[in-house]
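Residue numbers (the working numbering), protein chains in the order written: chain A, 4 to 347; chain B, 10 to 444.
Warning: the hint list may mix true and false statements.
In the SDA-like style, the derived pairs of lysine to any residue whose C-alpha atoms are separated by at most 25 Å in a straight line are [stated by the list, open to error]:
#: 1; chain 1: B; residue 1: Lys271; chain 2: A; residue 2: Phe22
#: 2; chain 1: A; residue 1: Lys128; chain 2: B; residue 2: Ile436
#: 3; chain 1: B; residue 1: Lys271; chain 2: A; residue 2: Leu15
#: 4; chain 1: A; residue 1: Lys128; chain 2: B; residue 2: Leu171
So these bits of chain A aren't anywhere near chain B, every CB distance computed over 10 Å [said to hold, decoys possible]:
#: 5; residue: Arg7
#: 6; residue: Ala58
#: 7; residue: His59
#: 8; residue: Thr87
#: 9; residue: Lys128
#: 10; residue: Gln131
#: 11; residue: Leu164
#: 12; residue: Asn182
#: 13; residue: Phe183
#: 14; residue: Ile215
Calculated from the structure, these hints are not laboratory results. Heads up, the beta-carbon is just placed ideally off N, CA and C, and yes, glycines get one too.
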Amino acid sequence: MKLRDFILRRVLLAIPVVFGVLTITWFLAYVIGNPVALYINENTPAAAIPAIYEAHGFNEPLHIQYFLYISNLLQGDWGISASTSFRPVLEVIAQKFPATIELSIIAMIFAILAGIPLGIISATKKDQMVDHVTRLFSLAGVSMPIFWFALMLKYVLFYQLTIMGLPHLPPGERYSLINFRSFEYTTGFILVDSLLFAGDLRLFIDGVLHLIMPAFCLGYLTLAIITRMMRSSMLEVLKEDYITLARSKGLTERIVVYRHALRNAMIPTVTVIGLAFGALITGAVLTETIFNWPGLGRWAVRAIFFSDLAAINGFTLLVALVFVSANLIVDLVYGTLDPRIRFG
Amino acid sequence: METTIDNAENAPQDSSQFNFLYISLLFAAIIGIVFGIAITGANIGVAILNIVDAPEFISEWGLQGLISLVLGYITYRMAKAVKNKEMWAFSSSLYINIIAIVVYLTMGWPGIALAALSILSVMLLFLLSGVNQYWYPNFQEDMKPRIKETRYSIFLLRKSPLVVGGIIVLVAFVALAFLAPVFAPYGPEQRIWADSNLPPGSASTDPELPVHYWGTDDSGGDIFSRIFYGAQIDLRISVMVVLVAVTVGTAIGAVAGYYGGKIDELVMRVTDVFFAFPGLVLAMAIVMALGERSMDNISVALMITWWPSYARLVRGQVLTEREKLYVEAARSVGASDGRILLFHVIPNTIQPIIVQATMDTGSVLLVAAGLAFIGFGPPAGIAEWGLMIAIGQNYFTIAPWAVFFPGMAILVVALSFNLVGDGIRDIMDPKLRRR
Chain A
4 MKLRDFILRR
14 VLLAIPVVFG
24 VLTITWFLAY
34 VIGNPVALYI
44 NENTPAAAIP
54 AIYEAHGFNE
64 PLHIQYFLYI
74 SNLLQGDWGI
84 SASTSFRPVL
94 EVIAQKFPAT
104 IELSIIAMIF
114 AILAGIPLGI
124 ISATKKDQMV
134 DHVTRLFSLA
144 GVSMPIFWFA
154 LMLKYVLFYQ
164 LTIMGLPHLP
174 PGERYSLINF
184 RSFEYTTGFI
194 LVDSLLFAGD
204 LRLFIDGVLH
214 LIMPAFCLGY
224 LTLAIITRMM
234 RSSMLEVLKE
244 DYITLARSKG
254 LTERIVVYRH
264 ALRNAMIPTV
274 TVIGLAFGAL
284 ITGAVLTETI
294 FNWPGLGRWA
304 VRAIFFSDLA
314 AINGFTLLVA
324 LVFVSANLIV
334 DLVYGTLDPR
344 IRFG
Chain B
10 METTIDNAEN
20 APQDSSQFNF
30 LYISLLFAAI
40 IGIVFGIAIT
50 GANIGVAILN
60 IVDAPEFISE
70 WGLQGLISLV
80 LGYITYRMAK
90 AVKNKEMWAF
100 SSSLYINIIA
110 IVVYLTMGWP
120 GIALAALSIL
130 SVMLLFLLSG
140 VNQYWYPNFQ
150 EDMKPRIKET
160 RYSIFLLRKS
170 PLVVGGIIVL
180 VAFVALAFLA
190 PVFAPYGPEQ
200 RIWADSNLPP
210 GSASTDPELP
220 VHYWGTDDSG
230 GDIFSRIFYG
240 AQIDLRISVM
250 VVLVAVTVGT
260 AIGAVAGYYG
270 GKIDELVMRV
280 TDVFFAFPGL
290 VLAMAIVMAL
300 GERSMDNISV
310 ALMITWWPSY
320 ARLVRGQVLT
330 EREKLYVEAA
340 RSVGASDGRI
350 LLFHVIPNTI
360 QPIIVQATMD
370 TGSVLLVAAG
380 LAFIGFGPPA
390 GIAEWGLMIA
400 IGQNYFTIAP
410 WAVFFPGMAI
420 LVVALSFNLV
430 GDGIRDIMDP
440 KLRRR
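Chain B on its own, in the form it takes in the complex (with noise of 0.2 Å):
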């Protein structure tokens, strides 16, 4: 990838590009940085002394404060390969800026101001002309075959309607999530109590209100509406639950195979004892451990239960990777440990991670909602699809909708998450892929 000495024809003789570009990395990475310590103190100061009116948003940052972090001293380096002009900076920056964006945009307006920062760095890679020139060519050079692995997979996914089907079904409910207080006629919590168990498709009582399109429940709630401000709710706790789940598993399962001996036993003997747990009750007792009955918590006891899974995976991973020969080759030019298990052995051991995680989205969906069925959730009235089959539950018999239509969202969106993950393990498996 550093081919620095290749490219010699093409340096530009003018570096002030590269520096220009460097500042405004640096600038990018000091901010991410301040930020991230900024949020990430906060939080532990809020933990520590309890302040009870700490604003919403800090607390509601955590994750991200933490991931700003490391985004932040990940753009430092970058900066300093940009000045060197390595050539794994520019793919590098574009890939870092991508998730930055992503990251952002969950934080609400000083989010997207920063999403605009890591933009227009992306920008400034394509638009710099000396910086273009230099970069652009060896670019495509070095992603020529990804580009034809990526077209490969592209083919073999448009061979199999399943898959496609299941990654609409996805985009549209994310989108539909997202676009609920746009379209749904209804708000999460507004109930109309003269409405209450009204058929799919009836009229509010009310003749200037809309239609209910899949009926109300016992207290008037459009079910249509609540279904979507619901999906809110239940894609954000699956997603964040994987998440935290694969990144801590992978970070533990990795370094237990990798280095072996004695750290390895005390990660299996731990995982060991995940495994003889009982996961659902021992997500009940965590929650109720954590005090208070939420969504928030269900989430953090489905974390704590989650990652051993993914501990194991990759420690039997990373125990065949790191016998092969292009580890020993990236130890014997003298790289160290961590960069050898961060860019070497970890990215050839995601594809069976990826498969997992993306299924098991689909199944954390169904405990998630299973707990606040059972009654672990939020307090009656919050739009959220287990607890609203448990309420549906007690007017069964003469409004069914009321627990058919959630119940229907949840089954539709994890098996649209599990025919993904079928998809793309039968996609990425190199046993699979050519025949």
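Next comes chain A alone, as it looks inside the complex (with noise of 0.2 Å):
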């Protein structure tokens, strides 16, 4: 009961944000460009230009077409990607979507299972070489340019290896095009469909072999925030008083890091954890583009540059759907690791 009025009312409060975050967009979408010229070729009659501007109430009045915009988003349409094709913007969505989750999932799932025991270590082994090294590794990962990292990886990975004759890793794009000419997204997701309704072992592999350096490059700067994280509240915790009782108990160091202390320094990291999704999607922008990997920040890039209203209004509206939600999921993760909070 209360949990449920809890998320009713986080879900009332998200509103105004995300409205705020579609005006800003719309407005400054509206302005960017022409949105006519994309409808426009040099076989449009010149007669008929007037006409698509009828259709698409370009021609309305500012704030008309904003109601226009806004009502129509309300009742499920989002309007058409002029720049893909002229489909549907929720189509392109549907398509599109799941190749950026997939990465952006595979690359928080690296960063937790490397980021978290990275952080343990480097902050139980304090001013040892261990953890010097971690925080160097770590620091890079928030100073690294991702697309540089990107390009680095696929020269030593992918071409190098390839000149030498070795077995390398692809160098883009989310499965052998060649190899799987008769393969079809079911669900979007390769790792899924290639096993339950392909039920393709060696294109499940191929997905994971394309998966890895994208993955990589996208996961290493969450990977260092949550190791940094992760290391700054273990060694809080790590200073309280209760750890001194346990310690002097005669428990074992592991156990009491293992077990009293860690789940006490997680709650900042899952903090940390849930804002670096929202920012994952934003890297994945840079990330897809260098990886030929079609997924939404790619379809953004290209939208802005074609200066397409509705695929851009869309792109943002969604990402900042999934911040939204991504928040609250941290809320109530965070009910679980901590008794004290009450959802109030």
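Bring the two chains, given one by one in their own frames, into a single complex with the hints.
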């Protein structure tokens, strides 16, 4: 009951935020360029141009167009993406969203699985060699230009290995288009589709190989953030009295760290993980551009270059929704980690 | 700080020297204010009337004009304080002059003239024996704990080699960026077409030209020279963006936190909206909306996307600070809200802001280079790190060095900013400081 109220209140609070994002993007997108340009090519007769303005409502006053957009949105019509062969925005998103989400989830799993242990080791071995190396490694992650890192990885793991005739990682795309010509997406997640629907283990392995480089690139920044947060919160917790008590009881260091300290140190880390998930989708813009990944990020960049209003709005709206729900999930996870927090 | 009464015995009989200092400070204040009004007014005029052939320096000095206006006003207040022999005027005029000199030096020759004026008024503080006698012993007494703390900070700093390394790299990069015209063998946009895609360390095809230390790109530009010319653009942008974002964010966040209520609610909802935005995409959209793809528009876009994080940070700090006793004390002696915020609350919240700002300078560099890389930056040919990578990418397999070196430059500079930020946190955080 209480939990339901909490979720309801949070959702209500999120509405103005999403609405604000929507409004700002709409007006920005409106200024970017003339949307009619996308509907016209050299074969369009000059007489037809006013009809195009008429048909899409482009010659209405600004505020009418805005209300038209909002009312369409509320009816589930996100508009038509003119730069993606005039398909409905929702349809394009449904097709491209799984690619981005799959990449982000794999990157996040990698970041969590590597980041938390690294943070713990770094904190328990403070000021030792392991700690210094880990800190430098995570600082490098925060300061790494992701596009450059991706290019360098591609150069070494794809190009150099290919030249030397060694097995190498694929340079881009989600699976080898040549080897699996007959494959069609069902859910859009390659790892799921290949096993459950196509039943092809070779395709699954191929998909995994294609994921390694982009996921590592994308996850490195998050990994760095998680490691740093984990280290500092672990250090904070290890100074607490109950840790001294646990040690004085004669518990082994292992139990003290993993059973007593870890759970308390996780709370700030979870916040960071939630916030980083929103950042991951943004980071995907650069990664997808370089790895030729058919996801939302690359689509959004194209949309901005072509001043495709509906697509820009759709993308930002979606990311805002993902961000808001990620924050909600973080708050819920809080409750299970820290029983003192009440949803009230 | 205002210890006029204690120093009665130090007070010189002859106050003509004070009047001299007062008049020279007043002179500096008037020049600063007139200059600031002129530049700001000209800028607004250019913006409104849209004069096509406005001289370049007017639009370039917009920020400096505003700062000069503020500095002029502060100098005027200080001049009055000097006349009344208030203690704080002396140490403040030292700080303000240092800031003024730094700002003026970014403006070319008229700036150097203004800076000389500022230096002159600092020198007056030391040279006028009456002022010096009155001021110096008190100043020394005043600064004693601060000097001790600074000594301890330097001691802590020297213990961590990574931070020292970061500082050295940053100073070196800034110096090399400024000195690029002196030592760089080639110009930023100079192309030797016969030399395209030469590996690092190879001699130019023209025997009279110097060696290409780090190779050349596809159109024969010397990468070594271009990187240090590019540092001018990239460092300037990241520092400018962070400075503006910190100023705007601090002002808005402090007001929101201090007054609370409806203002606070409004500011927090606005920052919520900014946080829910995909930052990079918002910046791209702003650059496009501003009309022209250029480094200047990238920096405007980043300023707009970056201030909310500081507003949040400062608001949280101010919320805890405003309940403290010293704020109450200041209010009870009749200090105005503006004074309490500016001179009491904000100085006490400055430490996390400095740490955040230092680290963000690295992040802004990354994002700005990323935007230039995707194609929202200046047109090809300009020496900018992100753009150099974007162009080198097309010839990646035959000339990997055209991608490697600019990226390394970004990584090294951003890493140094992060190292320094980390170090400042460790040094300034009172929880970590004494153990």
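Now for the hints, and whether the structure bears them out:
1. For the hint linking Lys271(B) to Phe22(A), the alpha-carbon distance of about 19 Å falls within 25 Å, and the restraint holds.
2. This hinted pair checks out: Lys128(A) and Ile436(B) have alpha carbons roughly 21 Å apart, not beyond 25 Å.
3. Under the criterion of a C-alpha separation no larger than 25 Å, the hint pairing Lys271(B) with Leu15(A) is consistent with the structure, at around 19 Å.
4. For a cut-off of 25 Å, the pair hint linking Lys128(A) to Leu171(B) stands: about 18 Å separates their Cα positions.
5. Even its closest Cβ contact with chain B, about 23 Å, leaves Arg7(A) beyond 10 Å, as expected for a residue assigned away from the interface.
6. Every beta carbon of chain B lies more than 10 Å from that of Ala58(A), the smallest distance being close to 25 Å; the non-interface claim holds.
7. Here His59(A) stays apart from chain B, with its beta-carbon at least about 20 Å from theirs, past the 10 Å limit.
8. With a least beta-carbon separation of about 16 Å from chain B, Thr87(A) lies farther than 10 Å from that chain, consistent with its non-interface assignment.
9. Under the 10 Å C-beta cut-off, the non-interface status given to Lys128(A) relative to chain B holds; the minimum distance is some 17 Å.
10. Non-interface status of Gln131(A) relative to chain B is upheld: no Cβ of that chain comes within 10 Å, the nearest being about 15 Å off.
11. The non-interface label for Leu164(A) is consistent with chain B: the shortest C-beta to C-beta separation is roughly 13 Å, beyond 10 Å.
12. Every CB of chain B lies more than 10 Å from the CB of Asn182(A), the least distance being 23 Å, so the non-interface label holds.
13. No Cβ of chain B comes within 10 Å of the Cβ of Phe183(A); the nearest lies about 26 Å off, and the non-interface call holds.
14. Separation of Ile215(A) from chain B is adequate, the least Cβ-Cβ distance of about 20 Å exceeding the 10 Å criterion.
When each numbered hint is compared with the structure, no violation occurs for any of them.
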